[in-house]
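Chain by chain, the residues:
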Amino acid sequence: MDLSQYAELFLAESREHLSACNQLLLEWERHPAAPEPVGGIFRAVHTVKGMAATMGYARVADLAHRMENLLDHLRRGAAGRRAGDDVLQLLFRATDALEKAIQVSAAGREQDADVAGIVAELDRAVQRFAPDTAPRHAPPSPPAPEVPALALGPGRRVRVTLRPEAPLKGPRALIVLKRAAGLGAVSQVQPQPAALEADEFEGQFSFWLAGPAPADLVVATLAAAGDVEEVRVDDDAAPVARAETGAPLESGKARHIRVDLRRLDALMDQIGELVTARGRLNQLAAERRDPTIDDLAILISRLSADLQTEIIQARMTPVWQVFDRFPRLVRDLARDLGKPVAFRVEGKEIELDRAILDELGDPLVHLLRNAVDHGLETPADRRRAGKKPEGEIVLAAVRERASVAISIADDGRGIDRARILARAQAEGLLDAHVETLSDDQLLRVLARPGFSTAAAVTSVSGRGVGIDVAMTKIRALGGTIDIRTEVGKGTTFVLRLPVTLAIVRALIAAVGRERYALPLTYVAETVEFGVVPITTVEGREAMVLRDRVVPLVHLRQLLGVNGDQPPARRPVIVIEMGERRTGLIVDGMLGQQEIVVKGFDAPRGTLPVFSGATIMGDGVPALILDAGGLL
Amino acid sequence: MSHSVLVCDDAIFMRTMISDILAQAGFEVVGEAETGVQAVDKYKQLKPDLVTMDIVMPDMGGIDAVREITKFDPDAKILMCSAMGQQALVVEAIQAGAKDFVVKPFQPSRVLEAVQRVLG
Chain V
1 MDLSQYAELF LAESREHLSA CNQLLLEWER HPAAPEPVGG IFRAVHTVKG
51 MAATMGYARV ADLAHRMENL LDHLRRGAAG RRAGDDVLQL LFRATDALEK
101 AIQVSAAGRE QDADVAGIVA ELDRAVQRFA PDTAPRHAPP SPPAPEVPAL
151 ALGPGRRVRV TLRPEAPLKG PRALIVLKRA AGLGAVSQVQ PQPAALEADE
201 FEGQFSFWLA GPAPADLVVA TLAAAGDVEE VRVDDDAAPV ARAETGAPLE
251 SGKARHIRVD LRRLDALMDQ IGELVTARGR LNQLAAERRD PTIDDLAILI
301 SRLSADLQTE IIQARMTPVW QVFDRFPRLV RDLARDLGKP VAFRVEGKEI
351 ELDRAILDEL GDPLVHLLRN AVDHGLETPA DRRRAGKKPE GEIVLAAVRE
401 RASVAISIAD DGRGIDRARI LARAQAEGLL DAHVETLSDD QLLRVLARPG
451 FSTAAAVTSV SGRGVGIDVA MTKIRALGGT IDIRTEVGKG TTFVLRLPVT
501 LAIVRALIAA VGRERYALPL TYVAETVEFG VVPITTVEGR EAMVLRDRVV
551 PLVHLRQLLG VNGDQPPARR PVIVIEMGER RTGLIVDGML GQQEIVVKGF
601 DAPRGTLPVF SGATIMGDGV PALILDAGGL L
Chain Y
632 MSHSVLVCDD AIFMRTMISD ILAQAGFEVV GEAETGVQAV DKYKQLKPDL
682 VTMDIVMPDM GGIDAVREIT KFDPDAKILM CSAMGQQALV VEAIQAGAKD
732 FVVKPFQPSR VLEAVQRVLG
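If you're matching them up, the sequences are chains V and Y in order. Mapping to our numbering: the first sequence position 548 is 548, numbers consecutive. Mapping to our numbering: the second sequence position 54 is 685, numbers consecutive.
One should not assume that every hint holds.
[Unchecked claim] Stretch-level coverage of chain V by chain Y, calculated; a stretch enters the list once three of its residues show a Cβ under 8 Å from a Cβ in chain Y:
#1 2-11
#2 47-59
#3 163-171
#4 209-216
#5 295-306
It should be emphasised that the hints constitute simulated quantities derived from the structure, not laboratory data. Heads up, the beta-carbon is just placed ideally off N, CA and C, and yes, glycines get one too.
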């Protein structure tokens, strides 16, 4: 049978089990005497073993089997046995090795799975346990009808040979005996039932069968017990029966289906096309002013909107699928750095589009690393500062209106703005007369590639690298990052992400002959150019909007549109991200509509102000403006 | 009429594979259970012709589930799904009332053979 169709399911489910392993190992580490985690880990590893064996990944199955052996000893150990730290660390390492082996095996490179080292370590650990917890043998024997030879009634001896390749011959023998017991009293089983059950025989056994059952019935009944090579009854002409293989069965239909993620992606693309076509139809309806077309356009709008909602819903995935590996990550890091950390995860059930969630892992890892490495002080420093020695990091997801906010908060030392400011000014990143750094300025300075590798900024050394990477990724997903920090209290990063990537509501603006789309998430308001006072701040044109200075960007200039004169009355679109605002001066606004976001490969030299492209209702492409790049 | 089957395994992967094998052979998979407790509940509710039962499951293992099911229906036809090295547990399951067993990794032909024997 073709196993490749199950490979993804195998991978996905194995990941869940590994994640459970890690969670349980952490729990076990915290409560070494608790009996629950070891049982759960055993089950998870056992399940992975069964799945891997089915997929034919022998190395994965072997490693899982060795882990299971060790866990079995621990599980059956005397009540209250505490797992030694060395054993726990071994299990952590083994879980990591298992994860790697699964990954390379599922990628078709099983030969690259190197499990020999960890397998040997596990076996050594098992041997340490062996003396006091010998492998448990079969449970109590069945009430085998061991009748003394003298009391035997009429009957005959039956000899059964199991197929040499039969797995678990002991249990198979038991099934044969049970079938025999349905024909008459069974006694004098040889070898002893206990030996049979423990598989300590060569596949041949015999017993005394009392009763009048004819030999051919005995043979037929027992041969049908499965994996039976031969049944001989007494001194008869040794009838031989071979078990039949399964008869062909009529085909039928399955009640359950599971959907490949790529199918969902393809479906999403198609819905995208449909939304584009719908836009075109709406435009046509508006031009024709034909009520029949209008009605149809409305109907199709509604139907496609429903379809879109459904398909987006099908793509939604709870954040725990990514978050669940973080407790282990934080724990390992905290251990390496000698900083005790209480790590909490909140809002695990919040859902995001699978495509976004898949990209979130790396940025979050960067930010969590930063929090443990740079955010938190050493226990000694914390004591001196009057804090409890254990640092706290909270990773939380919260659903906001059209976005999901994910925050990473530490209660560490916070970032010293004065030092960052001095450093930034020394490097010429900021004007000398800037006196304080706002949160936004701080973030921009920190996100400068290479900025904080400077030795002078010891309190945040290395921060820049991670933030730079995280920021690029989050921006590419159409999201934003904010920072809040207070010296002595801690630092919080907040990532805001759209709930889904593919379809967003956007404001369509005209500049010259082109149209541009601006996702509504970032649009704060629109005002008419010239109605509010214009001023100049630091050599840049700006407007004063309700006592706030908003810098202005002439999109005509920025995008290099020349030729015909701009209209006299022009709107300013105020975009907002965190505390930052910018006014974009455009030629006109063409309304709002849903757009399907398509990635595009920007040619070299393209202004970094586009996040993608879309196809408008009339089939003409338009670029999507990236609020982050314009601010 | 096709036989109805309840598939019990804590791994979706395994349930999918077993269900596929059985469905392709014309069986009707009427339910799936991922714990022993669910297996017992669903058996009582669905009264399937056949149950495939994993041994190691959370929240009541497969063997206890076999005991509970055969207590409810002594004629229940239960096929154990075991891994290599579980002979003691399979023995226990058979004593508890399971009719047959298959060993992972599953080969469809062996699964169907075992199913035929159990339904036989």
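For each hint, the structure was consulted:
Evaluation of the coverage hint for the stretch 2-11 of chain V: fulfilled, as 3 residues show C-beta separations to chain Y shorter than 8 Å, against a requirement of three. For the stretch 47-59 of chain V, the assignment as covered by chain Y holds, since 8 residues bring a beta-carbon within under 8 Å of that chain's beta-carbons and 3 suffice. For the stretch 163-171 of chain V, the stated coverage by chain Y is satisfied: 4 residues place a CB nearer than 8 Å to a CB of that chain, which reaches the threshold of 3. Only residues whose beta carbon comes within less than 8 Å of a beta carbon in chain Y count, and the stretch 209-216 of chain V has 0; fewer than three means the coverage is violated.
Restraint check on the stretch 295-306 of chain V versus chain Y: 0 residues with Cβ-Cβ distances below 8 Å, three needed, restraint violated.
Of the numbered hints listed earlier, those contradicted by the structure are 4 and 5.
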